[in-house]
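Asker: The lines below spell out each chain.
2 protein chains.
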Amino acid sequence: MKESSDHTSISEWINSIENGQIRSLSRAITLLESTRTEDTHRAGNLLKESLARLSATERAPTIRIGISGPPGVGKSSYIESLGMHLLSLGHRVCVLAIDPSSQLSGGSILGDKTRMKRLSTQPNTFIRPSPSQQILGGVTHATQSIMSLCELAGYSIILIETVGIGQSEGAVADMVDCFVLLNQPGSGDELQGIKRGVLEFADVLLVNKMDGMTKSLAQQTLQSLRSTSQLINHSLKNYQVPTLGVSSTQDIGITESWQAVTKFLEQAVAEGFFEHKRKLQQEHWFQKLSEYYWLHYLQAARHTSSFRNALIKEIQSGKKNVIEAAQEFSRSLFNKE
Amino acid sequence: MKESSDHTSISEWINSIENGQIRSLSRAITLLESTRTEDTHRAGNLLKESLARLSATERAPTIRIGISGPPGVGKSSYIESLGMHLLSLGHRVCVLAIDPSSQLSGGSILGDKTRMKRLSTQPNTFIRPSPSQQILGGVTHATQSIMSLCELAGYSIILIETVGIGQSEGAVADMVDCFVLLNQPGSGDELQGIKRGVLEFADVLLVNKMDGMTKSLAQQTLQSLRSTSQLINHSLKNYQVPTLGVSSTQDIGITESWQAVTKFLEQAVAEGFFEHKRKLQQEHWFQKLSEYYWLHYLQAARHTSSFRNALIKEIQSGKKNVIEAAQEFSRSLFNKE
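Same order as they appear, the protein sequences are chains A and B. Just so we're aligned, residue 712 is where the first sequence starts under the numbering used here, counting upward by one. Just so we're aligned, residue 712 is where the second sequence starts under the numbering used here, counting upward by one.
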């Protein structure tokens, strides 16, 4: 009875997500982000149902764009301008944030929806700030799940904002169809605040603040970025990473930057790169989810295992050392067959 | 044969750590910090042997002191001054660093040993910068293991430096016998850069930079910190968290700050709090290590399981969704008995 009523309510919940009820979508995302053990089962059921529903219907895939850059480069402003442009093209736009620093400082990007004043008041737009706490098993599995829900809710484009400080770009690049890297105007040929390795994730390179006082500096940076970008060996064969200047405040280059993204996607689809990448991403997602459920088994055993309690007593009395005990405990739970 | 020769070499390795060979200790720490699967077994053996050796000999426990504070508060300078004082008292001093931001920026504390110029050239001192990469299963299990090796190497005091930005303090406070929190001189009664919750981890509160231009500001901060600290309900009964002003550059208050630490430790030992905390810490260490070995089982299965490959094919062909597959895979490895 319990199981069946749970099933019914989940099915209704998903109906209202599909019907565009923002509140139902928000509630579902909160459930997926929950770190409470008792939510795991329900979150799993919700997602299982959502994925079944997604695969049962024929629809064009929702395009996932990662947007990264160092703090202060103007990611929010760019996303706002790009979002407005996408709405004008008839898209429904979803903005998510992955903030590695939120684990440290309690969230710094998209913490305040009002930072995207124009975009946040538009219909056909959903803006979700970064989760307020670290998610068990890493942020990746939750973000991929959340993207699926947004897809179910009918958003045609998902923009994922992440701070580019060297840790999360790889994780984000591994979840999106196109990765856009915003660069800060800066003097000299050293790129400002961007780690070399991060450049290699980029499918499209932009220099922001191509306006006012920073215009000439931005143009210099664009030049130096162009020569650097020619050295990037992109995994899509014969693809030359484009570099463009934009001004989010002056709405300059926004259309062109989106054209660069669609041009990349067209070539990626044509050469099978798009599908290949999506398959790999599913495998990584599977891996992350397996780790997530795997850790839950250990946590569950933590509360029920009398063997564990016996081991801890042996450690504390000095009969066994902590390494042996931890190895014995995890081995005892592992099914070798 | 292999096993026995491995055993012999580990035993020799540990001998040279016990004999104070810095290079052997450094190599051992590098092994413990390694994220390579093939190093896990050897690291486990090394640590198992070390712990056995430690428990076989009678010695006074090595005291572990956590030192935290916001970026720029002068943790390194304070540790250097305190370290020099401890050496003058006849201690052998070890400095370790846990840097949560190193996962993001590639390391910011103790990255450069020369930041502690006086201390780093002293005998009886070992300074180890923070690991350059994130450690599987979190930094905690490795740091606790590393502390055991330092203990075996005969250091009587371990100072653990961590940046106080709201994430790692809890983890560090959970590994040490005394947690010292350094505060920045700042105007007003709002504490500068310290999160309220972090105060509750503190056993000793210090205001640094009690000198020169910042002296009067530091004195104000000390006053406001004193009234705040009276609200802290410390888990050691009847213990009032002391607040002191120090100047690392002028060597003011260093002796007094150490006296505050020893006074806390004496009361903690006398009331059984010290031992109680150590036992809890062992349980947490066991938990961290279990997670570590547990994830290794999953990783090993990743490469050998044909069931996993079959599941991934089913996901990619749309026969199964990723949630079901991940649940099935982790369940298949879990030994329910």
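These aren't lab readings, by the way, just hints derived from the structure by calculation. Check before you lean on any hint, since a few could be wrong.
A pair holds if it fits inside one copy or across any two, identical chains being indistinguishable in the list.
[Unchecked claim] With a Cα cut of at most 25 Å, we get these calculated DSS-like pairs of lysine-lysine: (1) Lys-988 to Lys-974; (2) Lys-926 to Lys-759; (3) Lys-1031 to Lys-974; (4) Lys-1031 to Lys-759; (5) Lys-948 to Lys-926; (6) Lys-1031 to Lys-926.
Asker: Hint by hint, say whether it matches the structure.
Answerer: Here is what the structure says about each hint:
In the homo-oligomer, the alpha carbons of Lys-988 and Lys-974 lie at most 25 Å apart inside one protomer (17 Å), although the nearest pairing across protomers, at 60 Å, exceeds that limit. In this assembly of identical chains, Lys-926 and Lys-759 lie within 25 Å of each other by CA distance neither inside one copy nor across copies; the values are 49 Å within and 61 Å between. For the identical chains of this complex, Lys-1031 and Lys-974 are neighbours neither inside a copy (62 Å) nor across copies (32 Å), given an alpha-carbon limit of 25 Å. Taking the shortest Cα distances, Lys-1031 and Lys-759 sit within 25 Å of each other only across copies (10 Å), while inside one copy they are farther apart (43 Å).
Proximity of Lys-948 to Lys-926 under the C-alpha cut-off of 25 Å is found in neither arrangement, the shortest distances being 33 Å within a copy and 62 Å between copies. Within a single copy, Lys-1031 and Lys-926 get their C-alpha atoms no closer than 67 Å, and across copies no closer than 52 Å, so neither meets the 25 Å cut-off.
Checked against the numbered hints above, the structure violates hints 2, 3, 5, 6; every other hint is satisfied.
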